[in-house]
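S.K.: One letter stands for each residue in the lines below.
2 protein chains.
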Amino acid sequence: MRAHRLIVQKFGGSSVANPERLKRVAQRVVETKQGGRDVVVVVSALGDTTDELLELARQISDDPPERELDMLMATGEQVSVALLAMAIEQLGEAAISFTGAQVGIRTDGVHTKARLIDINARRILEELGKGKIVIVAGFQGVNIAQDITTLGRGGSDLTAVALASALGAAVCEIFTDVEGIFTADPRLVPAARKLKSISYDEMLEMASLGAQVMQARSIFVAKRFRVPIHVRSSFSSKEGTMITDLAKAMEDIVVSGVTVQKDEAKVTMRDVPDKPGMAARLFRELAVAETNVDMIVQNVSREGATDVSFTVLKSDLPTTLKVTRQVAQRIGAGAVTTDEGIAKVSIVGIGMRSHSGVAAKMFEAMAEERINIEMISTSEIKISCVIRKINAERAMRVIHQAFGLHKRT
Amino acid sequence: MRAHRLIVQKFGGSSVANPERLKRVAQRVVETKQGGRDVVVVVSALGDTTDELLELARQISDDPPERELDMLMATGEQVSVALLAMAIEQLGEAAISFTGAQVGIRTDGVHTKARLIDINARRILEELGKGKIVIVAGFQGVNIAQDITTLGRGGSDLTAVALASALGAAVCEIFTDVEGIFTADPRLVPAARKLKSISYDEMLEMASLGAQVMQARSIFVAKRFRVPIHVRSSFSSKEGTMITDLAKAMEDIVVSGVTVQKDEAKVTMRDVPDKPGMAARLFRELAVAETNVDMIVQNVSREGATDVSFTVLKSDLPTTLKVTRQVAQRIGAGAVTTDEGIAKVSIVGIGMRSHSGVAAKMFEAMAEERINIEMISTSEIKISCVIRKINAERAMRVIHQAFGLHKRT
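These protein sequence lines map, in sequence, to chains A and B. Mind the numbering: the first sequence is residues 179 to 587 in our numbering, read in order. Mind the numbering: the second sequence is residues 179 to 587 in our numbering, read in order.
Please note that a few of the clues may not be correct.
Unchecked claim - The list that follows gives simulated cross-link-like pairs (lysine to any residue, SDA-like), each with its CA atoms no further than 20 angstroms apart:
1) Lys308(B) <-> Glu233(A)
2) Lys310(A) <-> Lys310(B)
3) Lys310(B) <-> Asp241(A)
Claimed, not checked - With the C-beta cut set under 7 angstroms, the calculated list includes, among others, these residues of chain B facing chain A:
4) Ala260
5) Glu267
6) Gly270
What the hints assert, rightly or not - Below, a sample of chain A positions facing chain B; criterion: calculated Cβ distance under 7 angstroms:
7) Ile238
8) Ser239
9) Glu246
10) Leu250
11) Gln256
12) Ala265
13) Glu267
14) Gln268
15) Leu269
16) Ala272
17) Gln280
No lab work stands behind these hints: they were computed from the structure. Where is the CB? At the ideal position from N, CA and C, for every residue including glycine.
Here chain A stands alone, though its shape is the one from the complex (with noise of 0.2 angstroms):
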């Protein structure tokens, strides 16, 4: 159940990195409230203060413990509510601001990347109830012993999304300093369109192939409670990006964007004997060493030996060439070599599963521009090439003509 009059809006570092923008921010609340809706504010930190504050722990420490980390870093976000509250209040609204631990939000003990488990509405409702704009600060909860935890990257989307789920807010509206989701990166693709909307899963894809505007995390918990996410321009009016559960509408779109990557690496293992469960054995080993293996190929076999490659991020490398490379030896394989000069180029869409062609579409294209394809893997909303990383803008720009995506309306 939606409570229609209820909005829960979320400004990011950028919006509130100085009181002048804090205060744009203040009015562009009250003027919401002002059209007659209720309204739940969530605020990081200023600009630069989590940086800062880090800095503060590293002169201390080089290895702070983490339950301190979090009690350290969960007062920029209190700095940023209390001041909102003021900069709201001077403008003539009343306000309240509130820590995670005030408003109830129960996480897990795991500090500096806890997960929520639950939110008690109940002061909340209250003091809306009484007319009051309500700040929330983003970011932090409580575990069970009342430690301050922080929910790690994205988390005050996070609690914007988990806050909207738990008051069944009518929308949760992301600011940032985008206009909302493009077709591609509009600094990379000239002809880049903002979409009007796109779905959870659409929009899951993005976020892991790269697109910075949300963590996959917090889409995936709004995907799950089905909370309308509206992305959103700090610094204009203009309607952004919805992000929805589209399943009708968006039968006749087949890609909703393009996307690139380039902080992953190719690893390869050559002459890896070709009998069964060496490749689960190397991919079992990683997995413990918690490296994330992305993309995947193992090349047709020659002589009872085949090369196996795949992709990890460029900063899991180390562990991961550790780990081969004992693989390697243990099983007999050949050497192991790295590649940090490629790109994963993507393409996103709900429409792909049901239309034919797609993935032709994307490698011809390449092809006309004589790009060449060194790994692929498709699922039922993705398909990602790896192709060489000086090629990348280039693929972008053509694959975006490809499926026509700077004329759609």
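Got chain A sorted already, so can you dock chain B onto it with the hints?
M.R.: Same frame as chain A, now just chain B:
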């Protein structure tokens, strides 16, 4: 009942002005712990944090709601406790930090100057039981609605004293930038000596007379719950001054110290009709206006009229003048004049009550220097004289000398 292994240590803002100093505090705490004590530490906000937060609030609003100010200011101590816990862990001891809310420091609902109601020591005792050093944010608590409150001036000392009482600590150590309580301000009286000990009552008088080391409210609580306080320097390991119940040991001591206060002004209402209730009317109205009147002198009546003089804090002068002039007009008194060129010199000593001649010795010392005394007030353990401000330091030195404060051991 006192837990003889337990010690509460409080470090103020200047002791934790930067990461380097904070590490030294950690070192000191660890030494105490390794000396076989259980340690609870109370810290204030880092150096200028409080001013920086107030400045942020000022940029947002010229009249910020006090609830939100408390929400904002409380982050200062939260940062300190987290960093101190990190610094202690870095030295190899286990530490855990808490906000006021987390250890159940309950206050009334008066934001920015809340009064303590009680402390729930359970969580602290639990963590001490695990061998941890417990670090508690000073200055803050929560009201019954779980809203964050702050305790106002001297709030961190109050937190420390109240914790020492609730936990039955053997002693509450207040670390500061002076070495203890002196017979007079050493910057004004070079012969001033550090006192080995002083009674709560004397310290209360010293505090209210402007000795800046501790606020009267903390000493009041210490006296009531018989918490021994040790005021000492954060920058040396020398013993400081014990504030305690000294009834027996102190019988031979007459005067403990000399203080000066320059933040008061004298107000005189001339030609007050010499009828009952005239002075009462004035001081009742000043009380209603929340002006704290300190000393009052009423001259002898001449021809049916009298002059009334009193002192107030200079900061209260505008209100005081307004009220006094209104009253003067209504009761048919004469002109109201003010004099900001005064200072109040006082001697404090628990032995005074049983020794005669103390006042006479103080007056004679000033008379020999031709220092005119304009007003006098006495209590059981204090004698104060208003003199010209220009004579204040000279008066302190001769009084200090007259009572032999420079040579007592």
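S.K.: May I ask you to test the interface hint for Ser239(A) with respect to chain B, counting a Cβ-Cβ separation under 7 angstroms as satisfied?
M.R.: 4 angstroms, holds
S.K.: Does Lys310(B) lie within 20 angstroms of Lys310(A) when you go C-alpha to C-alpha?
M.R.: 42 angstroms, violated
S.K.: Should the hint that Gln268(A) touches chain B count as held when the rule is a Cβ pair under 7 angstroms?
M.R.: Since the shortest Cβ distance to chain B is 4 angstroms, the answer is holds.
S.K.: Are the Cα atoms of Lys308(B) and Glu233(A) separated by 20 angstroms or less?
M.R.: Roughly 30 angstroms separates the two Cα atoms, so the pair is violated.
S.K.: Is the interface hint for Gln280(A) satisfied, with its Cβ closer than 7 angstroms to some Cβ of chain B?
M.R.: With a closest approach of 6 angstroms, the Gln280(A) hint holds.
S.K.: Less than 7 angstroms between beta-carbons is the criterion; does Glu267(B) satisfy it with respect to chain A?
M.R.: Result: holds, 5 angstroms to nearest chain A Cβ.
S.K.: Min Cβ distance, Gly270(B) to chain A: is it shorter than 7 angstroms?
M.R.: 11 angstroms, violated
S.K.: Regarding the hint that Gln256(A) lies at the interface with chain B, is the smallest CB-CB distance below 7 angstroms?
M.R.: Hint holds; Gln256(A) Cβ to chain B Cβ min 5 angstroms, cut 7 angstroms.
S.K.: Holds or violated: the hint that Leu250(A) contacts chain B, with Cβ atoms closer than 7 angstroms.
M.R.: 4 angstroms, holds
S.K.: Does the interface hint hold: is Leu269(A) within less than 7 angstroms of chain B, judged Cβ to Cβ?
M.R.: With Cβ-Cβ at 9 angstroms, over 7 angstroms, it is violated.
S.K.: Is the interface hint for Ala272(A) satisfied, with its Cβ closer than 7 angstroms to some Cβ of chain B?
M.R.: Nearest chain B Cβ about 9 angstroms off; hint violated.
S.K.: Close enough to count: is the Cβ of Ile238(A) nearer than 7 angstroms to one in chain B?
M.R.: 5 angstroms, holds
Checked against the numbered hints listed earlier, the structure breaks hints 1, 2, 6, 15, 16; every other hint is satisfied.
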